[in-house]
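Q: Residues per chain, in single letters:
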Amino acid sequence: MTKLLSAIYDSLNIVVFVREPNGCFTLHNPAPEWLVFFLGKSSYPQTCDLPELFPYLTCFMDDAEQHWHEHLATPLASGSWIETDELGNELALEATAVWVDDHAVLLLQNLGEKYRQEVSRLQQVRNGLLTQEKLENEVQKRTIKIKQREEEIAIKLVSVTSYRDEETGAHVRRIGLYAAAMAKALNWPTQQIDDIRIAAPMHDLGKIGIPDKILLKKGKLTNVEFSIMKRHTEIGAKMLQDANIPALDMAAEIALCHHEKWDGSGYPRELKGENIPITARITSIVDIYDALVHERVYKKAMCEKDAIALMSSMAGSHLDPELFAVFLELLPVMRRIRTEVHEIKDLIVSY
Amino acid sequence: MIQKKICLLGSFSVGKTSLISRYVNSLFSEKYLTTVGVKIDKKQLTHDGNELSLIIWDIAGEDDFTNIRTAYLRGMAGYIIVIDGTRQNSYDVALSIHEMVKQHVGELPMVFALNKADLKPHWQVDGQHIRPLEQFGYPVLETSAKLDNGVADIFLALIKQWGSNHD
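From first to last, the protein sequence lines stand for chains L and H. Sequential numbering of the first sequence, starting at 281, is according to the numbering used here. Sequential numbering of the second sequence, starting at 47, is according to the numbering used here.
Keep in mind that the hints were calculated from the coordinates and are not lab data. Remember, it's a predicted structure, so these values are computed and weren't measured experimentally. A couple of the hints might just be wrong.
Said to hold, decoys possible - Where chain H lies over chain L, by a calculated footprint (3+ residues, C-beta under 8 angstroms): (1) 332-344; (2) 395-404.
What the hints assert, rightly or not - The calculated label-pair distances, taken between Cβ atoms and stated as ranges, are: (3) Asp164(H) with Ser592(L): 52 to 60 angstroms; (4) Gly121(H) with Pro601(L): 55 to 63 angstroms; (5) Gln420(L) with Lys89(H): 33 to 41 angstroms; (6) Glu575(L) with Asp164(H): 46 to 54 angstroms; (7) Gln90(H) with Ser323(L): 28 to 36 angstroms; (8) Glu345(L) with Asn96(H): 27 to 35 angstroms; (9) Pro355(L) with Asn195(H): 42 to 50 angstroms.
Quick reminder that beta carbons are idealized off the backbone N, C-alpha and C, glycines included.
Same shape as in the complex, but just chain L (with noise of 0.2 angstroms):
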């Protein structure tokens, strides 16, 4: 039997061990030529002290001693490590823990071929997610130069209107960093935020449907003219919608419902709370800060101080009063955008 064992120990490069009560291990059988080195001596049986010869022992022997505490036949694996024998060779090694016979029982298996396989494969696992991980970053790379191609898209469409009324392409630009900021600041996902600062810019585009005579007059409009101006959300709607692209579909949202108010006092649907779209009332509330705090030819602009002062008496009846709040948390990164994005020549903006 002890033969037929030595054979087994021997065709799987195992070497037993037996835990003694002083802490030391005894080695139960002859002791294989990649040992050796290991133990300095050949002979058998003999003891030795194993976390001192392979340091990495050192983590696995509170769990073997656990282990063996509790009389547990089940094999406890220690998990493998590497040594290096005499000849520069590395060893793969793995420890095992049971209980037999009432004895702590310490396998010890140079695990050779198994650990080469099991090498290989993982080197073939981990080159494919490196793979894998080098598609995903192209693919995320060429997806920001689609979006930022529909941006410039967006921002072309909507200087068209620019070249008929007093809005700069700047103040578009801008329209479109603040609502982002404010998606960003509200904890919205990256393709929303993204989205909104493209959307966001185009909340006039209706204006182009509305005839000069109304659009660039100076006086106060009439009542006929006024209703027809109402008619640039319901414009801009119209070109906008159904593209099935998020962006232009959230941007014909907004054009709809850019002019709702809170109180239900807005146009085109008299929309009120949360009935109107949140995208169009973070537009609302960036487009009239840009309006206040920036000239027109028709005004002077006004401080940053009495155009939030002017806001606050809005927020409740014409402004969300929640995101008005979320508003002033970020007014140093409104002041920010607002400071730096003067030119069509500034849209490259990170924030």
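Let chain L serve as the given structure and place chain H on it in line with the hints.
A: The following block gives chain H in isolation, referenced to the frame of chain L:
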């Protein structure tokens, strides 16, 4: 002779084995050979008149299929988390490893190594990633195992922490 156990941690393929090989054996290989399990190396040096023996544990990198065994961290005097500057994913893994180590062994001296500095034009890890690392209050150093830049420095940065308030 003072013995200290150091663990090198990080995602797979960030260069942990290369950093150790450069530091201990002054060797570098371009070929990526994945580590399975643990490999332990020793480095003896003198610092501030003290003889130190560093027991350096090269622990297989984390991926979707391999998690670090917390038992490996037992008796550790400090650790180095390695990030591959060219891979944003390795940065995310580094943060989760740092959190895991803090949960299991508490605050210990540590260093963040931003490896592969020789490939800096291709780095995905930039200032906005590095700042949060610096806010942890531990050294964040750039390294290149290939060019032997900053390699000894990461170990020295760890050793200095033992000499100060973390000993």
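Q: Look at each hint and say if it fits the structure.
A: Status of the hints after comparison with the structure:
1. 332-344: That given contact holds, which follows from 7 residues of the segment 332-344 of chain L lying within Cβ reach (below 8 angstroms) of chain H.
2. 395-404: holds (count 5)
3. Asp164(H) with Ser592(L): 52 to 60 angstroms: Cβ of Asp164(H) to Cβ of Ser592(L): about 55 angstroms, so the range 52 to 60 angstroms holds.
4. Gly121(H) with Pro601(L): 55 to 63 angstroms: This hint holds: roughly 57 angstroms between Cβ atoms.
5. Gln420(L) with Lys89(H): 33 to 41 angstroms: Given a distance of about 39 angstroms, which is inside 33 to 41 angstroms, the answer is holds.
6. Glu575(L) with Asp164(H): 46 to 54 angstroms: Since the Cβ atoms of Glu575(L) and Asp164(H) sit about 52 angstroms apart, the hinted range of 46 to 54 angstroms holds.
7. Gln90(H) with Ser323(L): 28 to 36 angstroms: Hint holds: Cβ distance 31 angstroms, inside 28 to 36 angstroms.
8. Glu345(L) with Asn96(H): 27 to 35 angstroms: holds, 32 angstroms
9. Pro355(L) with Asn195(H): 42 to 50 angstroms: Holds, since Pro355(L) and Asn195(H) (Cβ atoms, about 45 angstroms apart) stay within the stated range.
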